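A.B. asks: In order, the protein sequence lines correspond to chains A and B.
Quick note on numbering: the numbering used here labels position 145 of the first sequence as 145, and the sequence is numbered without any gaps.
Quick note on numbering: the numbering used here labels position 107 of the second sequence as 107, and the sequence is numbered without any gaps.
Do not take every clue at face value.
As the list claims (entries may be wrong) - Here are some of the chain B residues that sit facing chain A, going by a computed Cβ distance under 8 Å:
no., residue
1, Ala113
2, Arg117
3, Thr192
As the list claims (entries may be wrong) - Beta-carbon label-pair distances, calculated as ranges:
no., chain 1, residue 1, chain 2, residue 2, range
4, B, Trp250, A, Thr127, 16 to 24 Å
5, A, Thr127, B, Ser191, 20 to 28 Å
6, A, Met226, B, Ser191, 39 to 47 Å
7, B, Ala42, A, Thr127, 52 to 60 Å
8, B, Ala16, A, Arg5, 24 to 32 Å
Stated by the list, open to error - Where chain A lies over chain B, by a calculated footprint (3+ residues, C-beta under 8 Å):
no., stretch
9, 34-40
10, 101-109
11, 247-260
If you're looking for bench data, these hints aren't it; they were derived computationally from the structure.
Because the structure is a prediction, the values reported are computed rather than measured.
No residue lacks a Cβ here, since even glycine has one placed at the ideal position from N, Cα and C.
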Amino acid sequence: MIEVRNLSKRYGRALAVDDLSFTVRPGLVTGFAGPNGAGKSTTMRMMLGLDRPTAGEVRVDGRPYAGLPRPLRRVGALPEGRTWHPGRRVEDHLRWLARTNRIPRTRVAEVLDLVGLAGAAGNRGRTLSLGMAQRLGIAAALLGDPPVLLFDEPLNGLDPAGIAWLRALLRHWAGEGRTVLVSSHLMTELARTADRLVVISRGRLLADTTVAELSAGADSLEAAFMRLTGEVPR
Amino acid sequence: MNPQWADGIATESGSAGRALAGAVAGELTKIRSLRSTLWTLAAAVLVSGGLGYLVGLSFAAGFDRLPAEQRERFDPLFATFYGLTLGQLALVVFAVLAVTGEYGSGMIRASLAAVPRRGTFYAAKLAAVAASLAAVALVTVAVTFAAAQASLGPHRTTPGAAGVPTAVAGAFLYLVLIGLFAFGVGAMLRSTVLALVVLLPLLFLGSQGLGNVPGLRTVLQYLPDQAGAVIMHLTGPAGDPRFGRDFGPWTGLGITALWTAAALLGGYLVLRRRDA
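Hey, can you work out the whole structure from these sequences and the hints?
C.D. replies: Shown next as structure tokens:
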């Protein structure tokens, strides 16, 4: 369970996130949608304590992220952008992560197998393709077998087979009762994966609803999305 | 949840200490798993030892041609530790990369997601870097001392001679302190290039003699490397108007330690306040 309460983030004069409140529930895939620059990544960074909110707070299982003992066992995150050193081997990246949260070393091989990177365990980070890099990020998120998963634009860089694979995994984890939050600016992709949708634009909450409700009364989900966000098809 | 991790969602008691222990283990793994660690640390030993050997060689060869007064004042420890002025740069690069590599690569986001308490993260990284610096400084000082004595021949000194244990201990402490100073500067600036642009001229120009220019000396002698140089016999005798310092060896090292403490505190404040 993730609770976002009256969350705001100001960068200089720009308000990236504006009094945002919503709850992400277990057992469902929640899509976090909005146009580029809507504040999705900023919100997810604040969920992980990477950025400090200007106002409001995020609670994971009732406490702020920084208050979680061994957080990788509670929350698995794929933040925006690269998170590994180009000179380090894939398995060593996962190994140092595992040690910080006292996760058994055997888990490194398990997650590499799970994301299909077992053959690249000894490769240095800089040699990874975009898709492999994304899989490494997903492996890192899964390391602690966490009940909460936060993925920021996980589909970026994946090929169609990779997208289908990840979609099935997300559904599977939600089916196991985990809390799954997935952001994307690709509405159609989200609609095929998510049960619920949280839609934001310019840092504000526009909708917190089910996929079915959002698309009702519109030609398509995309049309509903654009009507909601005030965007005009280009 | 995976049942084999039954200790997983542990009790809160002692969790801060355990979080720190885990974070230190993670930081040590980070250091060991990069090739740049090997290059920079090996360079520190090889450059210091190699230069120590060469300087000793040139002193031994030219000793008889020195004026009588200089022969009288000849200090074998100057020839011994001169090599450290160059070798320290490799340790500085190592310490800077340990911090700024987090920001350059984006790894900081994984690091803080794994160890979200910034004080714990900073303390763990500091401990791991300090331990690595200490281990390498020990080897560097020992190798440099041995190499210089080997080439100084008849003009060499011995580990037990008057002033030598202090100089050796001082050289070790100096290398650790200057490395940690660089760590703090890296943590404040969060950029490899910026940190090295500040540190390398500071350490190069200081060592290359700006600190000995009479007018500038009054101020520059308090720079971290210049202050620490006294204990390694890299400055003139006390009272020497050109190369001397206005303070003694341990005071000098204390000044270096103050610089280090200030840089480490500054680095912590930047980490605590800024978004990752």
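A.B. asks: Closer than 8 Å, Cβ to Cβ, for at least three residues: run that test on the stretch 247-260 of chain B against chain A and report holds or violated.
C.D. replies: Not satisfied, violated; 0 residues make the cut.
A.B. asks: With 20 to 28 Å as the target window, see if Thr127/A and Ser191/B comply at their CB atoms.
C.D. replies: holds (25 Å)
A.B. asks: Are there three or more residues in the stretch 101-109 of chain B whose C-beta lies closer than 8 Å to some C-beta of chain A?
C.D. replies: holds (count 5)
A.B. asks: Would the hint on Thr192/B be counted as holding, given a Cβ-Cβ threshold of 8 Å to chain A?
C.D. replies: violated (12 Å)
A.B. asks: If you check the beta carbons of Ala42/B and Thr127/A, does the distance land in 52 to 60 Å?
C.D. replies: Once the Cβ atoms are compared, 24 Å apart, the range 52 to 60 Å for Thr127/A and Ala42/B is violated.
A.B. asks: Taking 39 to 47 Å as the stated bounds, is the beta-carbon spacing between Met226/A and Ser191/B within them?
C.D. replies: Given a distance of about 40 Å, which is inside 39 to 47 Å, the answer is holds.
A.B. asks: Verify the CB-CB distance for Trp250/B and Thr127/A against the hinted window 16 to 24 Å.
C.D. replies: With a Cβ separation near 50 Å, Trp250/B and Thr127/A fall outside 16 to 24 Å, so the hint is violated.
A.B. asks: Ala113/B was flagged as interface toward chain A. Is the shortest Cβ-Cβ separation under 8 Å?
C.D. replies: Check passed: Cβ of Ala113/B comes within 5 Å of chain A, closer than 8 Å.
A.B. asks: Does the closest beta carbon of chain A sit nearer than 8 Å to the beta carbon of Arg117/B?
C.D. replies: holds (6 Å)
A.B. asks: Taking the CB of Ala16/B and the CB of Arg5/A, does the distance hold inside 24 to 32 Å?
C.D. replies: holds (26 Å)
A.B. asks: With a C-beta cutoff of 8 Å, work out whether three or more residues of the stretch 34-40 of chain B approach chain A closely enough for the coverage to hold.
C.D. replies: holds (count 3)
Violation of the numbered hints given earlier is confined to hints 3, 4, 7, 11; the remaining hints are satisfied by the structure.
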